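Given the coordinates of chain A, work out where chain F should sit on it, guided by the hints.
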Amino acid sequence: MLISDYIIRVDREGDRLIELKNIKKSFKKNPVLKGVDLKVNKGEVLVIVGPSGSGKTTLLRCVNYLERPDEGTISVDGFSVEGKNASKKDILNLRRKTAMVFQHYNLFKNKTVLENVMEGLLVAKKMKAPEARNISMDLLQKVGLGEKINDYPTQLSGGQQQRVGIARALALNPSAILFDEPTSALDPEMVGEVLSIMKKIAGEGMTMVIVTHEIDFARDAADHVVFMADGVIVEQGPPKDVLSHPKHERTKQFLKRLVREPEYEI
Amino acid sequence: MAIIDFKFALEQVPEVLKGVPWTLTIAIVAMIFGVLFGLLIALCRIYKIPVLNQLSILYISFIRGTPLIVQLYVFFYGVPVLLGYLNPRLGLSIEADNISPLIYALVAYTINTAAYQAEIFRSSINATSAGQMEAAYSVGMTTAQGLYRIILPQAIVIALPNLGNLFINLIKATSLAFAVKVVEILAISKIIANDGYRFLEMYLVASIIYWVICLVCEIIFSKLEKKMGRFEARMDLKAPA
Chain A
1 MLISDYIIRV DREGDRLIEL KNIKKSFKKN PVLKGVDLKV NKGEVLVIVG
51 PSGSGKTTLL RCVNYLERPD EGTISVDGFS VEGKNASKKD ILNLRRKTAM
101 VFQHYNLFKN KTVLENVMEG LLVAKKMKAP EARNISMDLL QKVGLGEKIN
151 DYPTQLSGGQ QQRVGIARAL ALNPSAILFD EPTSALDPEM VGEVLSIMKK
201 IAGEGMTMVI VTHEIDFARD AADHVVFMAD GVIVEQGPPK DVLSHPKHER
251 TKQFLKRLVR EPEYEI
Chain F
267 MAIIDFKFAL EQVPEVLKGV PWTLTIAIVA MIFGVLFGLL IALCRIYKIP
317 VLNQLSILYI SFIRGTPLIV QLYVFFYGVP VLLGYLNPRL GLSIEADNIS
367 PLIYALVAYT INTAAYQAEI FRSSINATSA GQMEAAYSVG MTTAQGLYRI
417 ILPQAIVIAL PNLGNLFINL IKATSLAFAV KVVEILAISK IIANDGYRFL
467 EMYLVASIIY WVICLVCEII FSKLEKKMGR FEARMDLKAP A
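Protein chains in written order, with this note's numbering: chain A, 1 to 266; chain F, 267 to 507.
The shape of chain F in the complex, shown without the other chains:
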C-alpha cells in the first residue's frame, strides 16, 4: 500500500462533492441575511437608536468574543430548551426534533455573520465623507433617500473587499456545521476516511475542494469590485500603461 493512495482519493471526489451544495447553501443564505441584518444593526449603531444601539453593541461583542463552534453548540442545545419553555406558554407545538439540521445551521451562521457584517457596514458608512449626506440634504433629500441613493452605494464599494474576505471565511467556517449534524464537505470526508482509515487522502480531497470554491469566490468578488467601483479614481487605471 502506497503512503498516499491517490487512486482511492480520486475515486472518492464525486462522493465528497455531494457536500458542496450544503456548504454553498449555508454560506450564501447566511451571507444574504447577514447583509440585511448587518446593515440594519449598523444603522442602529450609527444613528444611536436608543436601546437597539446598546443591544447591538452587546450582541456584536458576544458573537465576536466567542468561537463559532461554541455558538453552534449553544444554539443546537439551547433551541430545544427554549422551545420547551415557549411551547406551553404560547400554545405552540414545535418539536425541536422536527427542525432540520440545515435550518439550525442557517440561523446560527446568519446570527454569527451578521455581527461581523454590521461592523463592516458601520465602518464603511462612516468612511463615506460627511459632505455627501450634507449635499443630499441640500438638494432636498430625506435621510432615507440620501442613505439609499448616495451613501449606501458608496459604502458598499468600500465594504466589498471586507465582505469578500468575510464570505471566504464563512465558506471555510461551514466545515463546523457537522456540529449541528449537517453533512457537508468535511463531514462526508470524515465518514469516508473512518471506513478505510484513509484520513490524509480524504482531508486532502476536502482541502482542495474548499480551495477551488474559495478561488472562484475570490474571482467573483474582484470582478464585482471593479464593476461597482467604476466611479472611483484608481491608481492602476490612471497610471500609464
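So that you can see chain A by itself, here it is in the shape it has in the complex:
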C-alpha cells in the first residue's frame, strides 16, 4: 500500500457512514456470510463483486435489515443495531437511514410513477402532499421520466422502471443508497441509461453501496471495490488494484472467467 493511500484512509476514518462488524448469516444450515466486516465512508461509491452465491446480496440486505443477521453489529450514520436482537423500532430507524434499489425494481404495482416516489415521503417522512409532489416531480425529471408520472409501473420498460426506483430512493434523501444488482434484470440496451444515472448520482457525492456484475462500471465509478467469495471478503481496495491487479488467486479466477469467451457453442 502506498503511503498516500494510507493517509487518505486515516483522514476518512471520521467520515465513517456504514460499518458492519462480524456479520454471520446462515440459511438453514448453509452458511452464507462467515463473519464479514465492511466499512463505507461518507460520499464513497463502494462496489461489491463476486461469483453467484458468494453472499454479496445477502450482505447488502443486512445493511437495511431485509435479512436478519445471526450475529454481528450494523451501524449506519451513527445508529447501531445489534444483529440478532434488534427491536422493531430499531429496525425501522435503521431502515429509515438508507434507501434501496432492487434487482427487480419492486415498484409499488398499485401506485403510479409519481405516487411511487411520493410514498416514502408521505408515510415515513410525514411530509405534506404538495411538498412531496414537488420533490418527486423534480427527481422524476432528473431521471428523465417527467412525462410518465401518471403511468403505472406495468406500462414502463425495465429501464424506465429502474429509473423510477432510483428516483424513489433519492426522494428519501437517505444517507446512503443500496443497489442490489440494479441492471441484472435489464435488457442490454437499457443497462446504459441506468448506469449513467447512477454515475451522475455518484458525482453528486451520494454514498452508494452497489452489488453488481458490471465490472466496467466498477472500474469506472467505484472508489472502493470489495471482492467476495464463499461468504467472506477475499480482497478489497481501489478498483485499479482489485480489478486490474488482483493479488488473490480467487479474484484472478473470477475476473478471468468474466473476460474469457464462453465455452459453450450454440
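Simulated from the structure, these hints should not be mistaken for lab results. Values in this document were obtained by computation on a predicted structure and should not be read as measured data. Each residue gets a CB set at the ideal place from its N, CA and C atoms; glycine is no exception. Accuracy of the hints is not assured; some may be wrong.
Claimed, not checked - Simulated DEER-style distance windows between Cβ atoms:
id, chain 1, residue 1, chain 2, residue 2, range
1, F, Gly331, A, Pro188, 47 to 55 Å
2, F, Trp477, A, Thr154, 35 to 43 Å
3, F, Ile323, A, His245, 55 to 63 Å
4, A, Lys142, F, Ser395, 25 to 33 Å
5, F, Ile335, A, Lys29, 44 to 52 Å
6, F, Ile485, A, Gly203, 54 to 62 Å
7, A, Lys199, F, Leu324, 30 to 38 Å
Just chain F, lined up with the frame of chain A:
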C-alpha cells in the same frame, strides 16, 4: 288444469319477492363481517401468530369439512344450551327464545363465510410478490403501513374473482336459512307450494329470482374487478382492437 300453471306462478312472484330482503341481508352482512374476520384470520396465519394460528387452522378445517346445514343446526340447538350454561355463571339473563332467527342466521353465516374468506385472503396476500413488502420496508414503512397501503390493495384485486364467486355461493346458501326459521325466498315458496300443491311452479319462481340476483351480482363484481385492477396490465387491454 295445465301441467304447469304459469298464471298461478306469476301471481305468486310478488309474495316470494318479500323474501329477497332477507336473503340479501344475510348475504351482505355475512360477507362484510366475513371480510373483516377473514382478513384477520389470514394475517394470523401468514404471520404465524402463536395459538391464534393453530386455532385458525382448526376452525377453517372444521367449517370447510362440515356441511353448512349441519353447522346451522348445531348453532341453532347449541346456542340455547350454551346460554343455559353461561347465564347463571356470568349473571346474565339472555333468553335464547328472544333472539330473533335473523341474528342466528347472520352469526352462523358469518362464521361459515369467514373461514372461506380467510383462505382466499391468505392465498391472495401470498400471491403478491415478496419484493413489494421489501420495497415498502426500504422506504421506511412499518409492517402495518406496508400491508395497508401496498399489499392489501394488490391482494384484494387478486382476491376479487374468488370473493365474487363466494358471494354468489353465499346468496344461494341463504336458501338453507329456513333451518334456523328465517323465512326467505325458498321458505316462502315452499309455504305457498304446500297450500296449493304447486311445487314445480314455486320452485321455478324461486330459481328465477335467485338467478336474477346472482346475475346482478356477477355484473357488479366484474365492474369492480375492472375498476380496481386498473394498474394491472391486462391482455384484453393490450391486444389490438
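Notebook entry, point to check: For which of the previously enumerated hints does the structure constitute a violation, in increasing order of number?
Noted result: 7
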